[in-house]
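**Q** Chains as they are written, first to last, in our numbering: chain B, 1 to 337; chain E, 1 to 354; chain S, 1 to 533.
Hints may be right or wrong, so weigh each one.
What the hints assert, rightly or not - Which stretches of chain S does chain B cover? Using the computed rule of at least three CB atoms under 8 Å from a CB of chain B, they are: (1) 423-433; (2) 438-444; (3) 453-465.
Source of the hints: derived by calculation from the structure; they are not laboratory data. Backbone N, C-alpha and C define an ideal beta-carbon position, used for all residues, glycine too.
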Amino acid sequence: MSEPQSLIAEGVSRRFRAQVAVNQASLELMPGKITALVGPSGSGKSTLLRLFAGLERPDTGRILSGDRVLSDARTALPVEKRKIGLVFQDFALFPHLSAVQNVMFGIRGLNKPDQRAAAEAWLDRVGLHHKCDAYPHQLSGGEQQRTAIARALAPRPVAILLDEPFSGLDPSMRDQVREVAIAAIKTANIPALLVTHDASEALVHSDEIAVIDTGKILQTGAPESVYRAPATLAVAKALGPVHSVNAAALPDAWQRQLQTASGTLWYRPEAVQLGDGAEFPIIRTRLAGPITEYELALSDTERLFAACQPGTVLRNAEMLAVRINPDLFYDFGDGSI
Amino acid sequence: MIKRTPLFAGLSLLIGTVVACSNPTDPDSSEAASPEQRVLTLYSSRHYDSDKTLYELFENETGVDIQVRESGASQLLETLRSEGDQSPADLVIAADAGSLWRFKDAGLTQPLQSEALAAAIPATFRESSGHWFGLARRLRGVAYDPSRWAAEDFAQWGALASEDKAGEICVRASSNIYNLSLMAEVIERLGADAAQSWATAIVGNMARSPQGGDTDQIRAIAAGECSIAIVNHYYWIRLATSASANDQNVAASTAFTVPEFTEGSGSHVNITGVAVTTAADDLALAEEFIAFLLSEQGQSYLTTETKELPLLDTSPAPAGVEQVPAFVASDTPLDVFGENQAEAQRLFDLAGWN
Amino acid sequence: MRGVISWRLPSATALPALLVIFMVTLPVCTALFAGLTVGGGSTWDHIFTNRLLPYTATTIFVLVLSALLMLAFPVPAAWLVSRYEFPGRRFFSWALILPLAMPGYVMAYAWADLAASPGPLQSALRDATGWSARDYWFPNVSSAPGLAFVLASTLFPYVYITARTAFSMQTSTTLDAAKSLGANAWERFWRVGLPVAIPAICGGLCLALMEAAADYGAADFLGVQTLGVGIIRSWNSFGEPNTAARLALALIMIAGAFFFAAQYLQGRGGTQHTGSKWQTPKRGRLSARHSAIATLLCTLLLLICFFAPVSRLIWLSLETRASAADLVPLLRATLILSSLGTGFALIAAFVFTLAAKNDGGLRFGTRLAAAAGYAAPGAVLGLGAVYILRETGQALSASIAILLLLWIYVSRFTSAGVEPLNATLDRLPRNLDNAARSLGSGRLARIWRIDLPLLAPGTFAAALILFVEILKELPATLMLRPTGWDTLAVRAHAYASDERFAQAMLPSLLIVLAGLAPVLLLSWRLSHSERQP
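Extracted from the complex, chain B is given alone in its bound form (with noise of 0.2 Å):
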């Protein structure tokens, strides 16, 4: 096994008659570290992990293992010579085989026990080691999808992609499954695309974020710093709610901060928070769970939202205090909607 190479998408295009799916994009998925795809659907992320995978050919552009190319405009490695796992939303099990046997398909060059004990640390190591010999049809939705996780890990591939992996389970196993896939995933050390359409998803267990609109890779990055200082409005909705408000409508002392007076300026809620900044009527009240979520009026006609830890329960409060985080309030200029 050679050193784990980065895969590697350099300025690939795609595209279906006359819809462009895929434009010009580029993004490395570097070794041990997982790298979310995050967009709308109909965005393209599919058709750049297809890309990857070799399920589609690049009309322009290049895919990379390294330095070694797998596709191009004219040729390409097939799917079945890349060493590339993959992992589909519905779990592409083969039903005429159990799980062990799914997850023996793709290991060479052993003999059948040892491929056999290959195949069942796997299934251990993703908690389902008392399930070898279950058919698919056995499985629960969760069983499935970790088996299907195994089985692309077991031929120690070079690299993996998971198409919405998660998305077809229910949301009360979606977690433990996610946190043994992801370990699974950590432990191989190979490059791993993750495309999701699930903002939090993508933040809480990627490494890097690349999101794409419209086939465009608008923006990569940590976590982090994508979602703390997204470059486009289109990337900011991609990774959570934001909200706009008339620059010109809030008070003197937030201009200064936000250095401008007028213009539309965008928001993450929790940009605004409790404290001693301002005090402004409170219209509605919305409790979701841990945070509370206020309604604020500027003016007749502007409106600020909040979305804050209350101390105390602000019951029948008719003002509410807050302070602004201008972190989280973005400038993409005008006629960025």
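Since the structure of chain B is already known, use the hints to place chains E and S on it.
**A** Structure of chains E and S alone, referenced to chain B:
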């Protein structure tokens, strides 16, 4: 592809082996292939166990191996045509002069010059140059309900067209060779126009649309659905001699007669006959076999089960056939049945006889 | 660059598929080409002016009526059997497949006798009422509606099986949703269950109608002037295979229309449930009155389409003490031809199924080829084979005849084998192939390790259907079998058309019996797979 080619080769080998080893009627094909063994291949449109017994008798007597292919006459004709000169067939046996004519017309038969056969068979019942020879006679006539009609009511075929028979006639479809041959002779005797109006009148007199076989028509009389049916004599005899009491009752409640075309012109007599194919080599063997079929023993086996009439009145008739009334055969050359066949179907179609 | 290959490599399944497409379509194309190019003969004008329209009208009438019959009763029966509990449900759920073992012509023999004026039904009626045979109207089996009834009776299991499978595979959640929206049992069937199952039902109906269009034996016996009979008649009475081939053109156009209609419907309603978990829904309970109606419907269906005709066959062969002499060679020839034919047709079906799955471009071609062969009556294919023989200058020796016959079986029945295989594929998760590729399996390895094992259940069904179909095949076998290779079907037909009904009964019964074993296995398999997905 690479993997499949040997697979296909293996399969064809397998088929070859299966075909060679498991010919159901010929488990020991090596014997048939030996040069001394004389083989006679028959294509027959008859399917009777007594025929097989008869062939076995000939085999035992002569040491000749007889191979039989049984099928409908049309299929046999098409088979012969496609096999051409390579055909294994030496003889064709068909149950209608119209069919025999078609084999001859298609150039699939050859003339067999035989004084012995010419002497044994009346001229009407063999083709003049020896393309086919009659083996047994069959009559197309009328079965009726004796409580409604008498034999005199059907002295001539024209009687079926009269108005008093409205809603009384049961008959099978026009495509049947027996109906075609009858119509062919009607055309010959009365002319095409009269034949068409005769057929049209019969269609008007039908109790139901043409359906089933001759036996079904006789049963329909017994059930009361109609009182007149156009049928071959042996279907009625078979019911009369059946093991089933039910069938015997059907025959007992009906009667059979043989109309003429015009007064004194004789009746429609058809034959079962045999022809020598163009592919046949051993004409002497063919002649020997035909002569065997015409022997008393041959005639008996040919007619016992079928209830046909032996070719000659002098041969003993099978049990039950004595119930057929006396008749005089018409002198129409039987080739007419074939020559007029297409015209017969056309007139039936125009008359609306399905 | 080691290991890097160029795109657009023809797939491993494309070449065999093209070869099989050629093999399957050659007989029908030859017959059609002959019909179009060789002069129609003197009778062609006659056929055209007097017969073509009635032949065509009758054929369409028979097909439409039998389609209606096959939808009206078997589909509700399939719904009841898969959705509700009622007395006898378990028995009916498999027994309703039994008529598949009866060829159309055997069903025609039995029902023509049962319903004839001297037959048991009318005799009983006359005895009970004192009427004479002319005092009442009785449905006539020897008629176009009668033929539709006979064909529907034997072919409805195609519709029933697909409908039942489709109904069983629907998740109960959609039906529960309908229930919560206030739909009663009747509306749930009409507005949810049935529409969702329509593509599958159409597939089954399409298969059954093509089979009906290709019928010769039943229509010939019942004297109904369908195109199939017209083809043989113009061949028999006029001695003109060219005219026959021309009429075949009309028949194939009709069958093709049904094929494309079914394709269209399937494309429009492709809404089969494709979830990862297959859950057999719990069956509902019926009120006593509704239970009785359900049991009655299934009982009547089974009685009319199987038990009554079969009992009649048995009774007739006993009454006349038919002899069993010479049945052994018939049986042997039948089994050998059917097994070999099944093997070859199965290979062709596999090639087609895999090619259609792996090459979108071949999907239409394979479907069309299979349908063209299937829609062609056996007699036309046999005709095509004879023309091919003539063109190649070969003589019809015994082994060539067998090869031709097997070829015709493949051409005629590959479609019947493809359907169950495709049905199996359609149920599988879509990414299986990609998953296998990502695990390093090449095309051939995938065929071997994924496609073939997954097709195994479908293979079993396909082989059984093929075996029964070939066993029952009449016209082509009649034309091409070599001397000494009479099958049961050939002999039964010979006796029946010779009006030796009693002798025809035993071979007919044996056909039913031989066909029964695979049908029973198939039905067991179906109920089994329903319980354990």
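**Q** With reference to the structure, classify each hint as holding or not holding.
**A** These are the hints, each one checked on the structure:
Judged by the Cβ-Cβ criterion of 8 Å, the stretch 423-433 of chain S is covered by chain B as claimed, because 5 of its residues qualify and three suffice. Coverage of the stretch 438-444 of chain S by chain B holds [criterion: at least 3 residues with CB-CB distance below 8 Å; count 5]. With 3 residues bearing a CB less than 8 Å from a CB of chain B, the stretch 453-465 of chain S meets the requirement of three and the coverage assertion stands.
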